[in-house]
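There are 2 protein chains.
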Amino acid sequence: MGGDHGPSVVVPAVARAAAELPVHVRFLLHGDEKVLAAELARHKAIGDRAEVRHSDKVVAMDEKPAQALRRGKGTSMWNAVEAIREGQAAAAVSSGNTGGLMAISKLILRMAADLDRPALVAGIPHSKGVTTFLDVGANVDCDAERLVEFAIMGEAFHRAAHGKAKPTVGLLNVGSEEMKGHEEVREANRILREGHFDLDYRGFVEGDDITRGVVDVVVTDGFTGNVALKAMEGAAKFMYGELKGALTSNLLATAGAALARGGLLKFRDRISPPPAAPLLGLNGIVLKCHGSATDRDFAQALKVAADLAQSGFAAEIERNMRRLPAALADTSPAAADGAASA
Amino acid sequence: MGGDHGPSVVVPAVARAAAELPVHVRFLLHGDEKVLAAELARHKAIGDRAEVRHSDKVVAMDEKPAQALRRGKGTSMWNAVEAIREGQAAAAVSSGNTGGLMAISKLILRMAADLDRPALVAGIPHSKGVTTFLDVGANVDCDAERLVEFAIMGEAFHRAAHGKAKPTVGLLNVGSEEMKGHEEVREANRILREGHFDLDYRGFVEGDDITRGVVDVVVTDGFTGNVALKAMEGAAKFMYGELKGALTSNLLATAGAALARGGLLKFRDRISPPPAAPLLGLNGIVLKCHGSATDRDFAQALKVAADLAQSGFAAEIERNMRRLPAALADTSPAAADGAASA
Chain A
1 MGGDHGPSVV VPAVARAAAE LPVHVRFLLH GDEKVLAAEL ARHKAIGDRA
51 EVRHSDKVVA MDEKPAQALR RGKGTSMWNA VEAIREGQAA AAVSSGNTGG
101 LMAISKLILR MAADLDRPAL VAGIPHSKGV TTFLDVGANV DCDAERLVEF
151 AIMGEAFHRA AHGKAKPTVG LLNVGSEEMK GHEEVREANR ILREGHFDLD
201 YRGFVEGDDI TRGVVDVVVT DGFTGNVALK AMEGAAKFMY GELKGALTSN
251 LLATAGAALA RGGLLKFRDR ISPPPAAPLL GLNGIVLKCH GSATDRDFAQ
301 ALKVAADLAQ SGFAAEIERN MRRLPAALAD TSPAAADGAA SA
Chain B
1001 MGGDHGPSVV VPAVARAAAE LPVHVRFLLH GDEKVLAAEL ARHKAIGDRA
1051 EVRHSDKVVA MDEKPAQALR RGKGTSMWNA VEAIREGQAA AAVSSGNTGG
1101 LMAISKLILR MAADLDRPAL VAGIPHSKGV TTFLDVGANV DCDAERLVEF
1151 AIMGEAFHRA AHGKAKPTVG LLNVGSEEMK GHEEVREANR ILREGHFDLD
1201 YRGFVEGDDI TRGVVDVVVT DGFTGNVALK AMEGAAKFMY GELKGALTSN
1251 LLATAGAALA RGGLLKFRDR ISPPPAAPLL GLNGIVLKCH GSATDRDFAQ
1301 ALKVAADLAQ SGFAAEIERN MRRLPAALAD TSPAAADGAA SA
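Chains as they are written, first to last, in this note's numbering: chain A, 1 to 342; chain B, 1001 to 1342.
Please note that the accuracy of each hint is not assured.
[Claimed, not checked] Dumping the calculated DSS-like pairs for lysine-lysine here, alpha-carbon to alpha-carbon at most 30 Å:
hint : chain 1 : residue 1 : chain 2 : residue 2
1    : A       : K180      : B       : K1073
2    : A       : K128      : B       : K1128
3    : A       : K303      : A       : K57
4    : A       : K237      : B       : K1057
5    : B       : K1180     : A       : K244
6    : B       : K1064     : B       : K1237
7    : A       : K166      : A       : K303
8    : A       : K180      : B       : K1244
9    : A       : K73       : B       : K1180
10   : A       : K34       : A       : K73
11   : B       : K1128     : A       : K180
12   : A       : K180      : B       : K1180
13   : B       : K1057     : A       : K244
14   : A       : K237      : B       : K1064
To be clear, the hints were calculated from the coordinates, so they are not data collected in a lab. Because the structure is a prediction, the values reported are computed rather than measured.
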């Protein structure tokens, strides 16, 4: 029921995803049964692969997380997440209120990692693919241990979502030398360098490396990640506006732009935000699809959810997370100093 | 002598700047006197407005700051900064090694504000002008007091550099609500809100506001600022590459691009980095011009240096800085709590 368009986007998206996913993948649709039934009637091809679960209530797009929690029980969002905990669903996808989805997911599924709230992933395009970038906004204060947790979760997500066997991981910093940056990022670098985890860790990367595809996964705290993501979106929007201005600044340029229209549309599609962001660190798979998602976007999110659910994603994260206490003990600054002086 | 091109760019830049600046503005050229004399011979219009100060040595572009300090005495860079301390110059402009320029400037001029090193400013284009953005890389750990100092310095710089009587100031955060962000940014917001300073402070802004021109001056710590700046540069570079790809993807688009060429060049010029970044917080005006600066860029930096030197820049900063102790005493968290419960 969430997002700008509700069932008029979600049901066609289910039809698209059903056509591309194996027949054993099935869909639970949470929301107003009358509205959903009317939409389903227009997409007969879905057949019995979708099942409607009625709910009277919805979480409004402008509700605060605390409100969503208080009044959430029985909403379509709540029921979608609850279905994971009850073992009826392998994953949940929502275009609804982000803060509400985070709060409800955290309450119902609880955190697997020791985070304030789920970490948010963004997929940033580069010329040869997509950089997985996290945390982009949820956890403002991050110590070294949290940054290492983001590395573990982001790597597993990138493998499941993009099918690359061994994604490379970098830590965002203000330079590539070991002594650069603040204590948290230098300590996280020490821990990741020790090789306790099954990760292809490549060290520090810088802000412009995110769009260069230097590594597959770029890790940072939620403050820096949110600012960097929005700064990139802002730069892209500014450039697109300037470009439109430049291409309509005189008759010749306008004629040129008309001829180049196909190429320009291709270009705009590349910079549009990716359809779905997983909420990482929960005991369960929840994806947030942006509110203005089209049926193609939402179908893409459903496919990512199915891929995650069928992959070794959760087990891989758990395996690396179990190595964290030993890694932390091994690489305390005192131990590192001792090793250096030995 | 610095930058990719040395005197072959700097001397033509002096000729350009001399033509546009009042005749009382004069230039000291530090470097190899033979090389400089040869260049000056090609720009007779400079006349007696430039004076050569010979130096045998230069700071190399790849020298570490510590090396530059140790071996810096007698270099052209050292002498240019030293001339400020001796009262012979009102400002220094260099295309040389950034770390070296920071270290040498800090040693010779000393810091006026309580910072690790000078704060670096970037000018980010938006559709109606330029956003002054700082710190973009020098001071990684910033408490609330430092963020307030950046606000004071950035505001004075924006007025002097862009001629706006009352620039607006925002603090970079992950949301606009008062309770968002980490302790340092919330505390800086409290201090700036109290109105102790002669500043038009507008509260929190987000990453995409930098390119929207929501406020004139955007303040953040050197870690976040460096990452955000490079992320924006990376996004712009990626988009420019994609755009070129899209416009040459087929014959029609290529023909369109050829027709749109004038507009596209206008566009590229808008996103190219600004010519000069001041090193803020020193007892003196030092500007870093980028290494690949053209003579037009370097001339622009010389004009900004002259504007800063002739403006109330230093006095305005000093006046607001003197109010800092009272502001800090007034807005300690304890005092704020007291006020709230009264």
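Cross-check of the supplied hints:
no. : hint                 : verdict
1   : A:K180 with B:K1073  : holds (27 Å)
2   : A:K128 with B:K1128  : violated (34 Å)
3   : A:K303 with A:K57    : holds (27 Å)
4   : A:K237 with B:K1057  : violated (46 Å)
5   : B:K1180 with A:K244  : violated (35 Å)
6   : B:K1064 with B:K1237 : holds (28 Å)
7   : A:K166 with A:K303   : holds (21 Å)
8   : A:K180 with B:K1244  : violated (35 Å)
9   : A:K73 with B:K1180   : holds (26 Å)
10  : A:K34 with A:K73     : holds (20 Å)
11  : B:K1128 with A:K180  : violated (35 Å)
12  : A:K180 with B:K1180  : holds (27 Å)
13  : B:K1057 with A:K244  : violated (49 Å)
14  : A:K237 with B:K1064  : violated (37 Å)
The structure does not agree with the numbered hints 2, 4, 5, 8, 11, 13, 14 stated previously, though it agrees with the rest.
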